[in-house]
Amino acid sequence: MKPFLVAIFLVSIVCAAPAHAMHISEGILPFNWALFWYLVMIPFLALGIRKLRSSAKEEISFKPLVGLITAVVFVISCMPIPVPTAGTCSHPCGTAISAILLGPWISVVVAAVALLIQALFLSHGGITTLGANVMSMGIMGSFAGYFVFRLLRGMRLNLGVSGFFAGVIADWVTYASTSAELAAGIRGTTPFFTLFWQILLSFVPTQLPLGILEGAITSGMIVLLYKKRPDLLVSMRVIKAEEVEA
Amino acid sequence: MKNRKLLALGLILLLINCCLPLVAAAEEKWTGVDESVVAKFAKEHGREKRVSYINTDQGDLLLFVFLLAGVLGGFTAGYSWCLLVNKKGTASTGS
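Protein chains in written order, with our numbering: chain P, 1 to 246; chain Y, 1 to 95.
None of these hints come from the bench; they were simulated from the model. It is possible that part of the hints are untrue.
Unchecked claim - One-sided excerpt, in silico: chain P residues whose CB lies under 7 Å from chain Y:
1) Leu-52
2) Ser-55
3) Ala-71
4) Ser-90
5) Ile-127
6) Thr-189
7) Phe-192
8) Thr-194
9) Leu-208
Stated by the list, open to error - Derived lysine-lysine pairs resembling DSSO-like cross-links, with alpha carbons at most 30 Å apart:
10) Y:Lys-43 with P:Lys-228
11) P:Lys-227 with P:Lys-51
12) P:Lys-240 with P:Lys-227
13) P:Lys-57 with P:Lys-240
14) Y:Lys-43 with P:Lys-227
15) P:Lys-240 with P:Lys-63
Computed from a predicted model, the values in this text were never measured in an experiment. Where is the CB? At the ideal position from N, CA and C, for every residue including glycine.
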């Protein structure tokens, strides 16, 4: 049975064609806006790198966890998923799981690395638009996912449900941010909010189901880690020690 | 019984996988939202996307780099997962 499922998985991968999704492509944003988003990104990135260094010294399992999460964010943020109801393709972001496990600051670094590799070698996003893409996916997605997760955990919802809503909101906030960046950058004489809502509504048919998929992925990963390494979730301060089943 | 359910699920996945590209080819669908939304709005407002600085979007080269990225990303994720799971119990639980 397992070889059969593996074969289906491999067929699915081989049949998949490269596509592009949420990332703002090279040259779309004017120079002043591209520069502005770079300037916004730099302090977040600097703080993230600092936290990454200090956390790596404290926890022995931190480096493999960062490796795992970076690979996951990189792969799923360039994986086009067809949405039959919309007839288009898009991708999840993975920043919710990254922010929950590593914290939002380090999640910004993870997203920046993934987006940089995609911009350099996969014609996915762009070097000039890297700041804007990090802002929407890395910063807004990470912080939104992290705060939703913390809020729901504070309301005593279980890990799976909290992870699900964190994933959904992180995805939707990412695309709302992309809409705002795009509207601000290209609007010309068009009122900002008119264009913003037009772009956002165009994303809805694709991102509504994909956000739910992202929630399911986030929830699944958190629950799987809880089953396999609850001690790791405790040391990463995702759950409290007394929550771990004896 | 469990195997039958798995088999049915696998067949459904395979069927969906086979059907989607056919539908896409027939109706020229399945463009990414960067084309159907981002590029469309940008073009309407006088901005067009530029060729990447390292342009891998040429023929099958893009397929190759995507496949390579998937393989490397999958290997890194799998290797890191093994390291994490095998280190069970060695992690510190204090701050």
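| field | Earlier hints that do not hold, by number | value | Checked against the structure, the hints that fail are numbers 1, 2, 6, 7, 8, 9, 10 and 14, while the rest are satisfied.
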